[in-house]
Amino acid sequence: MLPKISPILEVKQLVVSYHSGGRNGHLFNDTLAVQDISFSVNPGESLAIVGESGSGKTSILMAILGFIQPAAGNIYFMGKDIRQLSSAEMIELRHWIQPVFQDSGASLNPRMTIGSILHEALRVFNVDDDRQEFIQKLLTQIGLEGGILSRYSYQLSGGQKQRVNLARAMIGKPKLIILDEPFAAQDISNQANFVNLLLNLRQTFALNYLIVSHNLSVITPLADRILVIRSGQFVEEGPVAEIIFHTTNEYTKTLINAVS
Amino acid sequence: MAVDILVVKDLSLTLNDIVFFKDISFSLKLGRTLTIIGETGCGKSLLCKSLVGLQPPGFKLAGSILFYRDCSQAVEVTTATARTMSTIRGSQIGFVFQEATASFNPLLSCGQQILHVLRSQNTGSKDTLKQKTLALLEQVGFADAKRLYRCYPHQLSGGMAQRVSLALALAGEPQILIADEPSYALDSVAKKEYLQLIKDLCSKNNLSLILVTHDIQEAFSYSGDILVLYAGCPAEILNNPSEKVIPSHPYTQALLDIAKAFRNFKLPQPIPGEAPAISAPPQGCRFHPRCHRAQPICRESYPEKRDLGSNHFVWCFFPNVVRQQS
Amino acid sequence: MMSNLKNIPADLSLKTGTIMIVILIFFLMAGSFISPYRPELQDLSQTLSPPSRGHPLGTDFYGRDLLTRLIYGGRITLGISTLATILAIMIGSVIGLLCGFFGGLFDLLCMRFIDVLLGFPRIFIILLIIGLGYSSLGLVVLVMALFSWMEIARIVRANVWVVKEQLYIKSAQALGLSRSRVIFRHILPNVSGPIIVSAVLLISSLILLESGLSFLGLGAQPPTASWGTILNEGRTDPLGTWWISLFSGILIIISVIGFNLIGDGIQNLLNHTHPKERNVA
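In order, the protein sequence lines correspond to chains A, B and C.
For reference, each letter of the first sequence is one residue, going 1307 to 1566 in the working numbering.
For reference, each letter of the second sequence is one residue, going 1010 to 1335 in the working numbering.
For reference, each letter of the third sequence is one residue, going 72 to 352 in the working numbering.
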């Protein structure tokens, strides 16, 4: 039984580094993509991580999802240290934390129909409800028509692909949905649609989001707290209103000016 | 009186029964900017490519594109030979693509790519050309041009790659620069800087610019003409818009409202529905299924072009002719 | 899928190759209808006779009708090449999949093992086997498969390397799918293209290998014949008994070219249908 105010996700002093082939006699240079970042996501809350390209945002996500081994630091999901888990336990934990990657087309297996992709997710999560009905309900909520199930990913528009990814992420009723730059490839009218959709879904299904973005204005309606990072380093963190309207940090101000 | 450099009349692109864009007419003057706004899939990239004769093979391009080479000799692009077009592309009309890294040769360093372009346009000793290359790299904002000269495309960040792409486009000393969503892959800070750079370079070199974007805020920050495209059809043409000039087409207005909401960190009101598939456009006015002002006539007939004075045209049966600005 | 050469359709290779092989297979299957003879039927009055009305392709040393022998021989040749290919593909694909997916020490060891195997002089091994005296078609199939799986493994591994970094694989892993499910349900279908191409090209090279093996004496044993053994029979007097080597040679060439064209055609098809996933083969 988890204690009441335990965060869903807790990241402590995360350090992620990459080896790069060296020059000038240095065999391996370690580039620090993420240096000493800490944050947590509490139940009922959504956090946005904001920074420019190359600020390390994606590395943080990949470390949380277990695709990259951090050089240092701890990641606790639902109280469990993910670095201590066996691969079987990790697979079990993965059910609760679902990603929606930036490249929605590349996230869908080109040789599977949308229907089989979603059914596979259902099978993994052992969803009890009648499968067909569940999928139909989910698709309606997300704004996709049923005919999409027999199509392949290359037949869908960008917006539809993104929604399919979102649907797949939601099937297992995860505790946390991680969105990696969900608005980057969209024009503003699609951005407006998607923000509203995410907000509705959040309210209907009590979802928690961890959103990574470079665009402060689009994530503002969705996030409760914002973490600003620059070149892998912590800049500031706080409630949305404070960061957007009352920040004193120069770098955050640059980000704000870029979109207003 | 500014001179016309590119005059497009009734341009359309079709393949069998599918119309990718139609009814496109505008005239671009020397040193001025034309911004083309539209959603993804509205045909703006195809339009750009068609302007330089790079539409996909088999597609039928109808209408007229008159390019006034050196401001005097007119070339009809739609009927020009491949040889004529290859002399125009690169040297007189420069192109910046959406994804810069995809347009580079991965085996050549940045400097070599630019040198390649210069060599094909100019004669000159290797040293002069190298100096020109370095000058170009400095122009696009690289403080250490010599280091950039030696860098390979995979070593560049997104922003750097876009700037090199710009240098490549400018290498031929073109008269027109066509930039197809050049800041698409950049984050918001880099985007702002890059667009400012393009603006500055164009005004410095007296270049005409055709900028394609889906960001209406970006578009309104340029002075010049704006062409709003929806599902391949023109919705509105505005001239020198500012806060005072009020757009007439409901689509343009909706986009502006969304942009304004985002700018103020508020939740925007989405445009209901989705952009139509190009293979099955709605009858009549293509925007009518999503328009709050739609009437039966919008469903039945395609709106003709209306002249609202001072170079402001709109394709709508119920345009906003007068609106109070609060 | 538009071709750059204006008048040549993109799938000409595929069509030509398929037609060639289909006709060939039809020819081989319809043996008893085309020829009234049986392949072992000897007619000592007609030994080594050139093509004539009774024997359209001539006869061999024992007066056996060459056309018939080529028909039945073709079944052997294509049969063992196909079987060996299937075996090589199965071994090579599994090894390639596992190496490509897991990487690390396992991959390192496998690849060095493959390098060692590739370094072995094949002639030496073949002669060794012949020297052991025991010879059967099954052995030929096994030997051919064992010589060929390494190439397949390398190709599959290279493709798996690319595919496993794709986002849809990461998404499948993020869903919490087991590793075997990810490998066989997600990765394998996406490398099947190059596997099919390699398989088809392998059949054609095994047809040639088979002739070489027969030349050395490790092949179908008399009275069974394959194209390779028949080709071998014409060796003693190539000009005098020209029909023996010529016709068997022509059939070998046709089948090799046919399969190669099919392989090329599929390769083209793959590259044009999914241009974003360039296949490495």
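Any given hint could be a false lead.
As the list claims (entries may be wrong) - Derived pair list, reagent style DMTMM-like, types lysine to aspartate or glutamate, alpha-carbon separation capped at 25 angstroms: (1) B/1275 <-> A/1548; (2) C/241 <-> A/1395; (3) C/241 <-> A/1387; (4) B/1269 <-> A/1556; (5) B/1201 <-> A/1556; (6) B/1275 <-> A/1395; (7) C/241 <-> A/1548; (8) B/1269 <-> A/1530; (9) B/1275 <-> A/1316; (10) C/241 <-> A/1316; (11) B/1275 <-> A/1556; (12) B/1201 <-> A/1542; (13) A/1559 <-> B/1227; (14) A/1481 <-> A/1556; (15) A/1559 <-> B/1266; (16) A/1559 <-> B/1026; (17) C/241 <-> A/1543; (18) B/1201 <-> A/1487; (19) B/1269 <-> A/1487; (20) C/241 <-> A/1426; (21) B/1275 <-> A/1342.
As the list claims (entries may be wrong) - What follows is a set of in silico ranges between Cβ atoms, one per label pair, in the way DEER data are often shown: (22) A/1505 <-> B/1163: 32 to 42 angstroms; (23) B/1282 <-> C/157: 50 to 60 angstroms; (24) A/1506 <-> B/1318: 25 to 35 angstroms; (25) C/260 <-> B/1283: 25 to 35 angstroms.
As the list claims (entries may be wrong) - To give a feel for the contact side, a few chain A residues facing chain C, derived at Cβ under 8 angstroms: (26) 1373; (27) 1374; (28) 1400; (29) 1412; (30) 1415.
By construction, these hints were calculated from the structure, which means they are not laboratory data.
Quick reminder that beta carbons are idealized off the backbone N, C-alpha and C, glycines included.
Right, here's what the structure says about each hint:
For a cut-off of 25 angstroms, the pair hint linking residue 1275 of chain B to residue 1548 of chain A stands: about 15 angstroms separates their Cα positions. Under the criterion of a C-alpha separation no larger than 25 angstroms, the hint pairing residue 241 of chain C with residue 1395 of chain A is consistent with the structure, at around 18 angstroms. With a CA separation close to 21 angstroms, the supplied pair residue 241 of chain C and residue 1387 of chain A stays within the 25 angstroms bound. With a C-alpha separation of about 24 angstroms, the suggested pair residue 1269 of chain B and residue 1556 of chain A falls inside the 25 angstroms cut-off, and the hint holds.
Between the alpha carbons of residue 1201 of chain B and residue 1556 of chain A the distance comes to roughly 17 angstroms, so the proposed pair stays at or under 25 angstroms and holds. A hinted pair counts as satisfied when its Cα atoms are at most 25 angstroms apart, and residue 1275 of chain B with residue 1395 of chain A does not qualify at roughly 41 angstroms. Between residue 241 of chain C and residue 1548 of chain A the alpha-carbon distance is near 36 angstroms, which puts this suggested pair outside the 25 angstroms criterion. Straight-line distance between C-alpha atoms of residue 1269 of chain B and residue 1530 of chain A comes to about 21 angstroms, which keeps the hinted pair within the 25 angstroms bound.
Restraint check for residue 1275 of chain B and residue 1316 of chain A: not satisfied, since their Cα atoms lie roughly 29 angstroms apart, outside the 25 angstroms limit. Of the pairs offered as hints, the one joining residue 241 of chain C and residue 1316 of chain A holds, with about 22 angstroms between alpha carbons and a cut-off of 25 angstroms not exceeded. Our distance criterion of 25 angstroms between C-alpha atoms is met by residue 1275 of chain B and residue 1556 of chain A, whose separation comes to about 22 angstroms. With a C-alpha separation of about 23 angstroms, the suggested pairing of residue 1201 of chain B with residue 1542 of chain A holds against the 25 angstroms cut-off.
Under the criterion of a C-alpha separation no larger than 25 angstroms, the hint pairing residue 1559 of chain A with residue 1227 of chain B is consistent with the structure, at around 19 angstroms. Between residue 1481 of chain A and residue 1556 of chain A, the direct Cα distance comes to roughly 34 angstroms. Violation of the 25 angstroms bound is thereby established for this hinted pair. Using a Cα cut-off of 25 angstroms, the hinted pair residue 1559 of chain A and residue 1266 of chain B holds, with the two alpha carbons roughly 23 angstroms apart. Among the hinted pairs, residue 1559 of chain A with residue 1026 of chain B is inconsistent with the structure: their alpha-carbon atoms are about 51 angstroms apart, more than 25 angstroms.
A C-alpha spacing of about 29 angstroms is found between residue 241 of chain C and residue 1543 of chain A, which places the hinted pair above 25 angstroms, so the restraint is violated. For a cut-off of 25 angstroms, the pair hint linking residue 1201 of chain B to residue 1487 of chain A stands: about 18 angstroms separates their Cα positions. In summary, the hint linking residue 1269 of chain B to residue 1487 of chain A is supported, as the alpha carbons are separated by about 21 angstroms, within the 25 angstroms threshold. Using a Cα cut-off of 25 angstroms, the hinted pair residue 241 of chain C and residue 1426 of chain A holds, with the two alpha carbons roughly 15 angstroms apart.
For the given pair, residue 1275 of chain B sits about 32 angstroms from residue 1342 of chain A by alpha-carbon distance, which is inconsistent with the 25 angstroms threshold. Restraint check, residue 1505 of chain A to residue 1163 of chain B: a C-beta distance of roughly 39 angstroms satisfies the suggested window 32 to 42 angstroms. The given range of 50 to 60 angstroms is respected by residue 1282 of chain B and residue 157 of chain C, whose C-beta atoms sit roughly 53 angstroms from each other. Distance hint check: the CB atoms of residue 1506 of chain A and residue 1318 of chain B are about 42 angstroms apart, inconsistent with the given range 25 to 35 angstroms.
One distance hint, 25 to 35 angstroms for the beta-carbon pair residue 260 of chain C and residue 1283 of chain B, holds here, with the actual separation near 31 angstroms. The restraint placing residue 1373 of chain A at the interface with chain C holds, with a minimum CB-CB distance near 6 angstroms, inside the 8 angstroms limit. Interface restraint check: residue 1374 of chain A against chain C, minimum CB-CB distance 11 angstroms, threshold 8 angstroms, status violated. Nearest Cβ of chain C to the Cβ of residue 1400 of chain A: about 4 angstroms, under the 8 angstroms cut. The hint holds.
For the restraint placing residue 1412 of chain A at the interface with chain C, the shortest Cβ-Cβ distance is roughly 4 angstroms, inside the 8 angstroms limit, so the hint holds. Given the 8 angstroms rule on beta carbons, the hint for residue 1415 of chain A holds: about 4 angstroms separates it from the nearest Cβ of chain C.
Figure legend: structure checked against the earlier numbered hints; hints not met, in rising order: 6, 7, 9, 14, 16, 17, 21, 24, 27.
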